[in-house]
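Colleague: Quick mapping for you: the protein sequence lines, in order, are chains A and B. Here the first sequence stands for residues 1 to 156, numbered as in my numbering. Here the second sequence stands for residues 1 to 396, numbered as in my numbering.
The hints are simulated quantities; they were obtained by calculation from the structure and are not laboratory data. There's no promise every hint is true.
Said to hold, decoys possible - Which residues of chain A face chain B? A few of them, derived with a C-beta cut under 8 angstroms, are:
1. 36
2. 40
3. 43
4. 91
5. 128
6. 143
7. 152
Unchecked claim - Beyond 12 angstroms from chain B on every Cβ pair, some chain A residues (computed):
8. 18
9. 20
10. 24
11. 32
12. 85
13. 140
Cβ coordinates follow ideal geometry from the N, Cα and C atoms, glycine included.
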Amino acid sequence: MVLEKKGSARVEAGQRRVLDEATRQRRLTRQLEALEKDNFQDDPLSSLPPPGPTARLPAFSETEEPEKKKRKTRGDHFKQRFRKNFTTLLEEENLSEKAEPNYLSAVAPPSSLPPRHFCCVCGFPSHYTCTTCGGRYCSSKCLITHRETRCLKWTL
Amino acid sequence: MATLVLDNGAYTAKIGYSQEKVSVIPNCQFRSKTSRLKTFTANQLDEIKDPSGLFYILPFQKGYLVNWDVQRKVWDHLFGKEMFKVEFADTSVIITEPYFNFSSIQESMNEILFEEYQFQSALRINAGSLSAHHYFHSKPSELCCLVVDSGFSFTHIAPYCRSKKMKDGICRINVGGKLLTNHLKEIISYRQLHVMDETHVINQVKEDVCYVSQQFYKDMEIAQLKGEENSVMRDYVLPDFSSIKKGFSKPREEMVYSGKYKTGEQILRLANERFAVPEMLFHPSDIGIQETGIPEAIVHSIQSLPEEMQPHFYQNIILTGGNTLFTGFRERLEAELRSLAPAHLPVSVQLPANPITYSWEGGKLLAHSPDYEEIVVTREDYEENGHCICEEKFDI
Chain A
1 MVLEKKGSAR VEAGQRRVLD EATRQRRLTR QLEALEKDNF QDDPLSSLPP PGPTARLPAF
61 SETEEPEKKK RKTRGDHFKQ RFRKNFTTLL EEENLSEKAE PNYLSAVAPP SSLPPRHFCC
121 VCGFPSHYTC TTCGGRYCSS KCLITHRETR CLKWTL
Chain B
1 MATLVLDNGA YTAKIGYSQE KVSVIPNCQF RSKTSRLKTF TANQLDEIKD PSGLFYILPF
61 QKGYLVNWDV QRKVWDHLFG KEMFKVEFAD TSVIITEPYF NFSSIQESMN EILFEEYQFQ
121 SALRINAGSL SAHHYFHSKP SELCCLVVDS GFSFTHIAPY CRSKKMKDGI CRINVGGKLL
181 TNHLKEIISY RQLHVMDETH VINQVKEDVC YVSQQFYKDM EIAQLKGEEN SVMRDYVLPD
241 FSSIKKGFSK PREEMVYSGK YKTGEQILRL ANERFAVPEM LFHPSDIGIQ ETGIPEAIVH
301 SIQSLPEEMQ PHFYQNIILT GGNTLFTGFR ERLEAELRSL APAHLPVSVQ LPANPITYSW
361 EGGKLLAHSP DYEEIVVTRE DYEENGHCIC EEKFDI
């Protein structure tokens, strides 16, 4: 069965969608951004179950409400001034016009060594490139897994 | 007057009075699946009985303090009566900030320290400067040192000459412990078990079983072998937070190579993941980050400095930050640097006993130094001159 699939994979190659360089770059950026995330899951507070017959919703809304109000009045000016995300702060710094060295100039330059390639399925050194998405794989077994799971799934 | 030293990291705060010992405390808030309405702050983490699916609320983004609401909650807790019982009017604070901290963050910091908390005096400084101070203190004969600080958000290479920061040589690699944990989470979730929600657990897995390989391709070969020959493979027993409170790596003699355990614990089988993950620090390009790894970045940084200083830097490299605790980190870095550095220059990389609190200890030493009073800004100074005086005195 594996052999059959392997055979068809090669014939298929001509008809498969091939992602262009820009899309591949976008996918990579998205993967790297995902690695910066604090949490994958949603905030447990926001995903409270709908109040059932036993849930005592009024009880907790009574205790939660005053606290929230208090925070609003006290922290209003803080929210204005102190709630900016990293990107906004970086833009406000206007570093491209400031003298070096600064945050932007301090980043490490690209490596002079050639990039190494690893199979995106099993993580071992790989020799082949997926024609569709440019991902790497090491064996036909991994290619099949790759096609079935990841190949076009991360496309924007 | 007391001096409080606070190395305010993006993941843990290292805090303690200059007369006492340091405590390492999570610098964030948590929510748990079991008690959804409650938000746990800093070391209240210990109160959570079942920290599976732990939700993090972090005050830092990419290493810079952006979420002041959360930071103030954590500080209120740390400074408050439950923990350090700070008498602000009679306390001086040493607080750390990242290199090239944004000016708006610096101003907010001044305001919060002097106007909100009303500390008697404050010293804002880079954590690396405290590490350098510590280094020069323990080796007074050395002229230069290169601080490699590999933390949660990123890794910095920072040269110091006679305790003066060489700003032009500072180099940042955007790889830190957070990225490593997230990457490990991602590959485990893809290859064997969905653990994307388990940052806390997988971070522990990373700390317990990951290591820096000395011969990367050799280890890759070993990791491909079957059965007992595969000396890299480990079975990690995941915690269930009832009978197993903390995950652990199964001792090799108890390992069942077929992977079919009769005991019913949940197992993660790790082979190339163990060393491919920390490898990111040495080759960020492995996952598509177009930056040099630590050894190359060190050479890049040293080469940008005056030639007569260069030999001193190669001989005085000091490692700080949690990532340097990976087994084999120091050895690998020294070996790679040896092959990159000019052959006639000796290379020495040093790992302190505790690289996480190394800069805090430096702050403690600084608090006791005779000219400490001259480098701080007092609240009267600040009230008189505002941000200018801080900008003048603090070198961030």
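Colleague: Going through the numbered hints above, which ones does this structure break? Give me the numbers in ascending order.
Modeller: Violated: hints 4, 5, 6, 7, 10, 11 and 12.
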